[in-house]
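A.B. asks: Read off the chains here:
Number of protein chains: 2
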Amino acid sequence: MRVFGIDPGSDRTGFGCVETDGTRHRLVRCGAITAPPHAPFPEKLVGIYRELRACLADCRPGIVVIESVFYAANARSALKLGHARGVAMLAAAEADLPIVEYTPAEIKRAIVGYGRAEKPQVQQMIKLLLGLSAVPTPHDAADALAAAICHIHARHPGGPLPPATISRAATSWRRYRPSVQATRAARRP
Amino acid sequence: MRVFGIDPGSDRTGFGCVETDGTRHRLVRCGAITAPPHAPFPEKLVGIYRELRACLADCRPGIVVIESVFYAANARSALKLGHARGVAMLAAAEADLPIVEYTPAEIKRAIVGYGRAEKPQVQQMIKLLLGLSAVPTPHDAADALAAAICHIHARHPGGPLPPATISRAATSWRRYRPSVQATRAARRP
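Residue numbers (my numbering), protein chains in the order written: chain A, 1 to 189; chain B, 1 to 189.
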């Protein structure tokens, strides 16, 4: 099974794909999508969407994991993060993949065993669990891998997370059809 | 020229397309994309994206106008709005259309002549300017039309908005190529 983690951000979006047989995990691919610093905002969104779609088509995971966010420094930064996160979610949904969300504390607990672990501890565990020679860089890529491994650990019987956490955000949008009310004007004389 | 306005929201996204010869404006189409109340969040985003893309392909506007947001009630609602707004922006950008943003005050000033006008005043002016028999419903559709007409008025010489406002957010993402750093793991023995 392959699990694809995403750590979204408007300036840099980390991604990481992990393959597992249930016991041993292997890194398939990880990296970050970085926007040119002065690119207009819509360009950044297009970049995130297109690159993620390409990565998902390439890695062919069975599920996508995104860190859930409950707060941000302020409404403005939350709004900006929301744009990037929405586009990342759309890329996964358009690829017909289920999406699972975990809180930052759940991810840390699943990787290190402690919900308030520091970033370097999480990164060292990622390196260890995937048998890498170094910590994955940039840190956004490591965060995306942590989300992916969190899901693998959570699925495991006796894993650190209750099963409820897993199914909570699972989606089935294939049935979805939003209602559109539309008015088409008669041409005026 | 046709101008397409969008009023994004995760539960309901208004849209409205206006055609103008510079003096007289005509409603092409307006409406709202409404998600089923209990649809999973990614489904809602897919609905907004797909319906907006279909509307844009149908209406064939020259430009897309989105109300800019600077604040929200709190970080959580800003994050949610950001998801919908990011997906709406992506739909316009993927259709190769320039995107222009105006603040709520700029839109009110351009329609009613007063930046703190009440919603019903704006809606009545929309009805008048487009020669409609009634105020467009739902109000999200009217808000989207207001954004579109704001841009038409702003472009007009001697219009209520300084020209700087118009070009500010214009984009040219065709040249954009984000840099992707990716690590592909060697298969472990």
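Hints are not guaranteed to be accurate.
Here are the simulated distance ranges between beta carbons [what the hints assert, rightly or not]:
{"hint": "1", "chain 1": "B", "residue 1": "T137", "chain 2": "A", "residue 2": "R24", "range": "31 to 41 Å"}
{"hint": "2", "chain 1": "A", "residue 1": "P120", "chain 2": "B", "residue 2": "R2", "range": "51 to 61 Å"}
{"hint": "3", "chain 1": "A", "residue 1": "T23", "chain 2": "B", "residue 2": "H38", "range": "46 to 56 Å"}
{"hint": "4", "chain 1": "B", "residue 1": "H38", "chain 2": "A", "residue 2": "A73", "range": "22 to 32 Å"}
{"hint": "5", "chain 1": "B", "residue 1": "D11", "chain 2": "A", "residue 2": "R53", "range": "20 to 30 Å"}
{"hint": "6", "chain 1": "A", "residue 1": "G131", "chain 2": "B", "residue 2": "A54", "range": "39 to 49 Å"}
{"hint": "7", "chain 1": "A", "residue 1": "A73", "chain 2": "B", "residue 2": "A105", "range": "52 to 62 Å"}
{"hint": "8", "chain 1": "B", "residue 1": "G115", "chain 2": "A", "residue 2": "P36", "range": "30 to 40 Å"}
{"hint": "9", "chain 1": "A", "residue 1": "P120", "chain 2": "B", "residue 2": "V135", "range": "49 to 59 Å"}
{"hint": "10", "chain 1": "B", "residue 1": "A57", "chain 2": "A", "residue 2": "P36", "range": "27 to 37 Å"}
Chain B regions said to be covered by chain A (calculated; three or more residues, Cβ under 8 Å) [what the hints assert, rightly or not]:
{"hint": "11", "stretch": "19–33"}
{"hint": "12", "stretch": "91–105"}
{"hint": "13", "stretch": "116–122"}
{"hint": "14", "stretch": "143–155"}
What the hints contain is simulated information worked out from the structure, not anything from laboratory work. Owing to the predicted nature of the structure, the values given are computational and were not obtained by experimental measurement. Glycine included, each C-beta is placed from N, C-alpha and C at the ideal position.
A.B. asks: Please go over all the hints and tell whether each is borne out by the structure.
C.D. replies: Structure-based check of all given hints:
A beta carbon spacing of about 58 Å between T137 (chain B) and R24 (chain A) contradicts the range 31 to 41 Å that was offered as a hint. A C-beta distance of roughly 54 Å is found between P120 (chain A) and R2 (chain B), which places it inside the suggested range of 51 to 61 Å. Remark: the range hint 46 to 56 Å for T23 (chain A) to H38 (chain B) is contradicted by a beta-carbon distance near 38 Å. Roughly 31 Å separates the CB atoms of H38 (chain B) and A73 (chain A), a value that falls within the hinted 22 to 32 Å.
Taking the beta carbon of each, D11 (chain B) and R53 (chain A) are about 26 Å apart, inside 20 to 30 Å as hinted. For G131 (chain A) paired with A54 (chain B), a C-beta distance near 47 Å keeps the hint of 39 to 49 Å intact. Remark: the range hint 52 to 62 Å for A73 (chain A) to A105 (chain B) is contradicted by a beta-carbon distance near 25 Å. Between G115 (chain B) and P36 (chain A) the beta carbons are some 34 Å apart, a value that agrees with the proposed interval 30 to 40 Å.
Taking the beta carbon of each, P120 (chain A) and V135 (chain B) are about 58 Å apart, inside 49 to 59 Å as hinted. Checked against the hint of 27 to 37 Å, the C-beta distance between A57 (chain B) and P36 (chain A) comes to roughly 29 Å, which is consistent with it. Residue count for the stretch 19–33 of chain B with a Cβ under 8 Å from a Cβ of chain A: 8. That meets the three needed, and the coverage hint holds. Here's how the stretch 91–105 of chain B fares: 4 of its residues keep a CB closer than 8 Å to some CB of chain A, so the rule of at least three is met and the hint holds.
Check on the stretch 116–122 of chain B: 0 of its residues sit with their Cβ under 8 Å from a Cβ of chain A, so the three-residue criterion for coverage is violated. Coverage of the stretch 143–155 of chain B by chain A is violated [criterion: at least 3 residues with CB-CB distance below 8 Å; count 0].
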